[in-house]
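Visitor: Just so you know, the sequences run in chain order A and B.
Going left to right, the first sequence walks through residues 0 to 320 as numbering that gives the first Met the number 0 numbers them.
Going left to right, the second sequence walks through residues 0 to 332 as numbering that gives the first Met the number 0 numbers them.
No wet-lab data here; the hints were simulated from the structure.
We put the beta carbon where it would ideally sit given N, CA and C, even for glycine.
Worth double-checking, as some hints may not be accurate.
Said to hold, decoys possible - What follows is a list of derived Cβ distance ranges for each label pair:
#, chain 1, residue 1, chain 2, residue 2, range
1, B, Gln129, A, Phe58, 51 to 59 Å
2, A, Tyr135, B, Leu325, 28 to 36 Å
3, B, Thr62, A, Leu176, 25 to 33 Å
4, A, Phe58, B, Pro79, 53 to 61 Å
5, A, Leu142, B, Gly101, 39 to 47 Å
6, B, Ser184, A, Val79, 28 to 36 Å
7, A, Leu142, B, Ile43, 22 to 30 Å
Claimed, not checked - Partial pick of chain A residues on the chain B-facing surface, computed with a CB cut under 8 Å:
#, residue
8, Ala46
9, Leu49
10, Gly50
11, Pro154
12, Pro157
13, Ala162
14, Ala164
15, Ala249
16, Gly266
17, Ala276
18, Leu293
19, Val297
20, Asn301
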Amino acid sequence: MTDRPSGNEPPVYSALDEAEGLSVEPVTQWKLFKTRFVRHRLAMLAAVVLGIILLLVLFADLLPLQSPTEQLSDENGRIVNLLSPRGEYWFGTDELGQDVMARVVYGGRTSLTVAVLTGLMVATFGTLVGSIAGYYGGWVDTLLMRFTDLILSLPLLPVAIVAAAWLREAFEGREALSLSILLGTLLWGTLARIVRAEFLSLREKEFVEAARAAGARDRRIIFRHILPNALSPIIVNATLVIGIAIILEAALSFLGFGVRPPEPAWGQMAANGGRLAVGGSGAWWLVLFPSFALIITVLSVNFLGDGLRDALDPTQTIERK
Amino acid sequence: MLQYVVRRLVYGLITLLALSIITFTLLQNTGGDPLDRLKANPRITQQTIQEMAEFYGLDQPATKQYLTWAGNFVQFWNYPTAWGRSFQGPQQVQELVINRLGGTARLMFTALGLAVMIGIPLGIYQAIRQYSFFDQATTTFSFVTFSTPIFVLGIGLQIILALKLEQWTGVKFFYTSGMNSTSFSDLSFGARIGDTLQHLVLPAVSIALISIAGYSRYQRASMLEVLHSDYLRTAKAKGLSRRSVIVKHALRNALIPVITLVSLDVAGVLGGAVITESIFAWPGMGRLYIQAIAINDWPIVMAVVMLIGFMVVVMNLLADLAYGWLDPRVRYD
Numbered sequence: 000m001t002d003r004p005s006g007n008e009p010p011v012y013s014a015l016d017e018a019e020g021l022s023v024e025p026v027t028q029w030k031l032f033k034t035r036f037v038r039h040r041l042a043m044l045a046a047v048v049l050g051i052i053l054l055l056v057l058f059a060d061l062l063p064l065q066s067p068t069e070q071l072s073d074e075n076g077r078i079v080n081l082l083s084p085r086g087e088y089w090f091g092t093d094e095l096g097q098d099v100m101a102r103v104v105y106g107g108r109t110s111l112t113v114a115v116l117t118g119l120m121v122a123t124f125g126t127l128v129g130s131i132a133g134y135y136g137g138w139v140d141t142l143l144m145r146f147t148d149l150i151l152s153l154p155l156l157p158v159a160i161v162a163a164a165w166l167r168e169a170f171e172g173r174e175a176l177s178l179s180i181l182l183g184t185l186l187w188g189t190l191a192r193i194v195r196a197e198f199l200s201l202r203e204k205e206f207v208e209a210a211r212a213a214g215a216r217d218r219r220i221i222f223r224h225i226l227p228n229a230l231s232p233i234i235v236n237a238t239l240v241i242g243i244a245i246i247l248e249a250a251l252s253f254l255g256f257g258v259r260p261p262e263p264a265w266g267q268m269a270a271n272g273g274r275l276a277v278g279g280s281g282a283w284w285l286v287l288f289p290s291f292a293l294i295i296t297v298l299s300v301n302f303l304g305d306g307l308r309d310a311l312d313p314t315q316t317i318e319r320k
Numbered sequence: 000m001l002q003y004v005v006r007r008l009v010y011g012l013i014t015l016l017a018l019s020i021i022t023f024t025l026l027q028n029t030g031g032d033p034l035d036r037l038k039a040n041p042r043i044t045q046q047t048i049q050e051m052a053e054f055y056g057l058d059q060p061a062t063k064q065y066l067t068w069a070g071n072f073v074q075f076w077n078y079p080t081a082w083g084r085s086f087q088g089p090q091q092v093q094e095l096v097i098n099r100l101g102g103t104a105r106l107m108f109t110a111l112g113l114a115v116m117i118g119i120p121l122g123i124y125q126a127i128r129q130y131s132f133f134d135q136a137t138t139t140f141s142f143v144t145f146s147t148p149i150f151v152l153g154i155g156l157q158i159i160l161a162l163k164l165e166q167w168t169g170v171k172f173f174y175t176s177g178m179n180s181t182s183f184s185d186l187s188f189g190a191r192i193g194d195t196l197q198h199l200v201l202p203a204v205s206i207a208l209i210s211i212a213g214y215s216r217y218q219r220a221s222m223l224e225v226l227h228s229d230y231l232r233t234a235k236a237k238g239l240s241r242r243s244v245i246v247k248h249a250l251r252n253a254l255i256p257v258i259t260l261v262s263l264d265v266a267g268v269l270g271g272a273v274i275t276e277s278i279f280a281w282p283g284m285g286r287l288y289i290q291a292i293a294i295n296d297w298p299i300v301m302a303v304v305m306l307i308g309f310m311v312v313v314m315n316l317l318a319d320l321a322y323g324w325l326d327p328r329v330r331y332d
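Bound conformation, chain B alone:
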């Protein structure tokens, strides 16, 4: 077991190393010098640009730049200088990223919370009432949501629930961008909660809808498999009540695969945050990422990619461990 964990951690480290090399190489070969904007400014002399390039180490060969970056990056405890400086100004990358982490976390936990609370019970109910009207209708709905790109869903929600709803009712229910209103600090406590929710609902729901579709489909299939298993037939034959059969025998086993799915989805949603945060102008890591790529501010891009990659590795490992812990039939080798 311990051996298994250690081996997985080593693979994880290799993955992260490969990820950093791939991303770094791609960024190096993508056109656009990080200092392009400075060079375009006639008031900045050649001298200054030269000094800037030296300051950021841009005059060094790429391999050297990578090694310097990697050496500093792993020493993340040297807050806030470890992850380098943004090319856009005096800001430290570590500070920038950690400031944005809160926004992403708020969005992600709300969305995943919603998805778990709705998706899993939905799947269970669909399986118990297989082929009923409710099952058919919700399964079709899941299929449609699952086939919709998240940005279409987000834009649709913005148009219908924010713009049109406001036109029809004259009341502003939801905001389409940002995390808080500009007047946030002047609001009373109650109004602050309201304002937060008005901003949070649409982006969280658009992420949640897609995850709900995934979870419920998976939960339904897993529940159906268990419902048709031999030990469940035994439980029924013993004369146990329907409730006891479903809750005690079926549910416990049917939940195991979904727990894996949910933990893997955390990483997926985090990567998908790039899109959601762009649609809703949400001040999170994903938006920072897109903005940084546009101007080739690579220390930021690298930091965000590595954080997401780290989450993927950790969640993959946790998913496998949880699976083995919950289902004693699984063996590690």
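So here's chain A without its partners, still in its complex pose:
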């Protein structure tokens, strides 16, 4: 976010604040954002939860956890598989005798890597296509938008499955990377449309004209003048894409086109555990813990996205209590 009233300009007071004598501080964009965001209590909570999850996942190595891929055995050397949760193994062990808690934490690393990489790819590509189309207009716009429409009208899941089957072979052993490339390629369309719409209206504004009159070149106008004003929808959309990416990664893992074991990922663990649990082993903990981690994360991302949208969108009024 940018603090727009910069430099030595005198602070701007809103008439209302002055009349009620409530505030003498200048109300900056950033401040408005903070007020609105903090009011959105669920979004605050979601941000905190996400922060904790990120810390756990990033510093998993420092936690007193078992190795996620080691087959554990008891003192007699027997492999301890399918143990229900107990003192020693809080989340139990899976059918191969691996510690479920360690796998959930390290699986989060895989799932979140895929999701964040996808979010970054979508933000980059969607912004680039959208801003070029919106800024230049004409045949460039037509061409890029027809292409965007095409990507958006592909049936998402069936195409993702076929592409995942292909990419997995191309990226043997680096499924996290291949999955994020795949999801990034399929999901940028919506953001490109949004950014284009923003650019279409912003390029007609006086400050753009002023910049052009001052001799700024296209690249400078796009990146320094227009883009900062179009950041809000980009941030919101990239956040929501992260949630979608986690769910899609899980779906692909369920169908067997995602991250391959022994490397853990939430969707793959839940799917695998689900097969065992429904198959009659009664090992509910194999489904419950990875699913729970996944749902909490996606839920937090969605709440955060919602809160960001409310806070960043200047047309929103501060009505919410």
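Position chain B relative to chain A; hints supplied.
Guide: Frame of chain A; chain B shown alone:
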């Protein structure tokens, strides 16, 4: 208007063409020859494999294979040979796919019916009682469902409503797999209905739950927007009854965006059938698709992808047309 429809149809055709090329290319480059299983069988001679490859046209260059396939595929009226033959046996792809269409349709219509009948009224009620306990509780529930992958929902329902419920009560309420029991043909009419429902409920509900979450959120937002509009204030100021304001003025306008959402969702649910049908071993198109990909039986994969792609294109167009028809403020250009 007519010009608009024609242009959209042309774009639709281009989309389908691109879809077929993308899918075909991806399938060609995915490892695994369709005849791998035959090659692994020592009792089949090199000679036979050569003949098979020629029979299926696998010895031709990929471009030629694609063109042959596409040329036959568009002539769908040449039932049942138009869509090629499965590599697994004598079955014609068109027959296979159309046999499975019924299963998918049964599941989809039940799920979407449930979702429309529950999701839309739910959203309306949430909006009318905004910030009430009911609104808060159901909105949160929608949010949670919306953030859950459908297979987790499906597995959860299987564990709780099928396995555990049977353990606790000793009565089998729901089945976790298949569309009918094996003894289906011996059952009486009433028992058949019961058996069908016992199989249908869990997969349909897991699809419906996610769609309900989507519809109600959307309907709630759309209803709230209308409730805060000027013409609604006018209606209230005229002294109309609350009922008349909500039903006659608000509801009609608030339903329009949701109709679009529902028609777009049809295509989404159809694509999602791949997952649902895999969880519940449901004999539909989606399951056929996954099984065909696993053994690189590409004529089947192509046929299913093209059917789903076709539905996406048609439903997108219908959604836009319905929107314009219901809301005269929308103009086509």
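Visitor: Against each hint, give a clear statement of whether it holds in the structure.
Guide: The hints, checked one at a time:
no.	hint	result
1	Gln129/B with Phe58/A: 51 to 59 Å	violated (42 Å)
2	Tyr135/A with Leu325/B: 28 to 36 Å	holds (35 Å)
3	Thr62/B with Leu176/A: 25 to 33 Å	holds (30 Å)
4	Phe58/A with Pro79/B: 53 to 61 Å	holds (60 Å)
5	Leu142/A with Gly101/B: 39 to 47 Å	holds (42 Å)
6	Ser184/B with Val79/A: 28 to 36 Å	violated (47 Å)
7	Leu142/A with Ile43/B: 22 to 30 Å	violated (50 Å)
8	Ala46	violated (16 Å)
9	Leu49	violated (13 Å)
10	Gly50	violated (18 Å)
11	Pro154	holds (4 Å)
12	Pro157	holds (5 Å)
13	Ala162	holds (6 Å)
14	Ala164	holds (5 Å)
15	Ala249	holds (4 Å)
16	Gly266	holds (7 Å)
17	Ala276	holds (6 Å)
18	Leu293	holds (7 Å)
19	Val297	holds (4 Å)
20	Asn301	holds (5 Å)
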